[in-house]
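Undergrad: One-letter residues, chain by chain:
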Amino acid sequence: MRNRLRELRAIERWSQADLADRLDVSRQTMNALETGRYDPSLPLAFKIARLFQLGIDEIFFPDPDPDPDPDPEPEPVGGSEPVS
Amino acid sequence: MPATTTQKTAFERKLDREAFRDALPAVVALIVAHAVISQVTLDADKHWWHGTIALIPTLPLIWLGWAQWRSIQRADELQRMSQLQALAIGFAVSMIVASAGGLLLVASVGTGPMYLQLTFVTGILAWAAALFVKLSR
Chain A
1 MRNRLRELRA IERWSQADLA DRLDVSRQTM NALETGRYDP SLPLAFKIAR
51 LFQLGIDEIF FPDPDPDPDP DPEPEPVGGS EPVS
Chain B
85 MPATTTQKTA FERKLDREAF RDALPAVVAL IVAHAVISQV TLDADKHWWH
135 GTIALIPTLP LIWLGWAQWR SIQRADELQR MSQLQALAIG FAVSMIVASA
185 GGLLLVASVG TGPMYLQLTF VTGILAWAAA LFVKLSR
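These protein sequence lines map, in sequence, to chains A and B.
Mapped onto the working numbering, the consecutive letters of the first sequence carry residue numbers 1 to 84.
Mapped onto the working numbering, the consecutive letters of the second sequence carry residue numbers 85 to 221.
Just to be clear, a hint being listed does not mean it is correct.
[Unchecked claim] Using C-beta positions, here's what the derived DEER-type ranges look like: (1) A:L51 / B:A176: 35 to 41 Å; (2) A:F61 / B:M198: 42 to 48 Å; (3) B:L168 / A:R2: 23 to 29 Å; (4) B:A94 / A:D65: 36 to 42 Å; (5) B:A212 / A:E7: 36 to 42 Å; (6) B:L168 / A:D65: 29 to 35 Å; (7) B:V112 / A:R50: 41 to 47 Å; (8) B:V112 / A:P64: 53 to 59 Å; (9) A:R2 / B:L189: 38 to 44 Å.
Hints listed in this document are in silico derivations from the structure and should not be mistaken for laboratory results.
Note that the structure is a prediction, hence the values are computed from the model and not measured.
Where is the CB? At the ideal position from N, CA and C, for every residue including glycine.
Let's have the full structure, built from the sequences with the hints guiding it.
TA: This is the structure:
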């Protein structure tokens with residue numbers, strides 16, 4: 001999982017300790033979150049989203065697929081046809 | 085980018101204060117109980133209740149365990165996971181040392197009390213080392 005925590009913290013001009021205090025976590029945890037070494041629980045993710053007044057999906061997003069399927073399965077015929 | 089400080093946050097200082105407040109009386113009680121017990125001569129063969137008296141230092145140990153439990157509950161989610169992983173590592177090391185000691189006793193190597201102490205000490209050391217490594221990352 002990747003996130004925009006460092007960028008959002010910079011916009012607010014907060015140190016890691018400032019943000020950690022606002023979230024009631026340790027500075028080590030804040031650092032682990034920012035560097036992507038630790039993915040937060042849902043309650044903590046919601047707390048972060050509320051603090052920055054953003055949606056969770058605007059802060060956290062999945063890593064790009066490192067090995068995308070080079071030969072994806074063809075979609076079933078008519079499966080994605082618009083209904084007229 | 086704002087400077088990254090290495091100072092403890094207010095949250096961490098609060099955790100430290102509360103952990104210290106919970107654990108200090110238990111540690112003092114443990115030291116006093118051990119000091120008192122080591123000064124008296126106990127013989128459960130003559131007086132059955134001497135065995136009960138010998139167990140008194142386990143009470144502050146239980147108190148210390150409760151303080152540790154409270155500390156884990158107050159910690160944030162990553163710290164809590166790290167502390168529980170460190171406890172699991174300490175427990176696993178203790179079990180391995182206890183098993184190895186038991187097997188060596190079968191071969192008449194060493195004594196039971198020696199392996200009991202070794203199990204306790206290696207478990208505590210493994211727990212402390214794992215905790216240090218996990219929380220200093």
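Undergrad: Evaluate the given range 42 to 48 Å for the C-beta pair formed by A:F61 and B:M198.
TA: violated (56 Å)
Undergrad: Between B:L168 and A:D65, does the beta-carbon spacing fit 29 to 35 Å?
TA: Holds, at about 32 Å.
Undergrad: Can you tell me whether the CB distance of A:R2 to B:L189 sits inside 38 to 44 Å?
TA: violated (53 Å)
Undergrad: Is the distance from the Cβ of B:V112 to the Cβ of A:R50 consistent with 41 to 47 Å?
TA: holds (42 Å)
Undergrad: Can the suggested window of 23 to 29 Å be confirmed for the beta-carbon pair B:L168 and A:R2?
TA: holds (26 Å)
Undergrad: 35 to 41 Å was suggested as the range; check whether the CB atoms of A:L51 and B:A176 agree with it.
TA: Holds, since A:L51 and B:A176 (Cβ atoms, about 38 Å apart) stay within the stated range.
Undergrad: Does the Cβ pair B:V112, A:P64 satisfy 53 to 59 Å?
TA: This hint holds: roughly 55 Å between Cβ atoms.
Undergrad: Starting from the range 36 to 42 Å, see whether the pair B:A94 and A:D65 falls in it by beta-carbon distance.
TA: Given about 40 Å between the Cβ atoms, the range holds.
Undergrad: Given the hint of 36 to 42 Å, check if B:A212 and A:E7 actually sit that far apart at their C-beta atoms.
TA: Taking Cβ atoms as reference, B:A212 and A:E7 lie about 37 Å apart, which means the hint holds.
Of the numbered hints given earlier, the model fails hints 2 and 9; all others are met.
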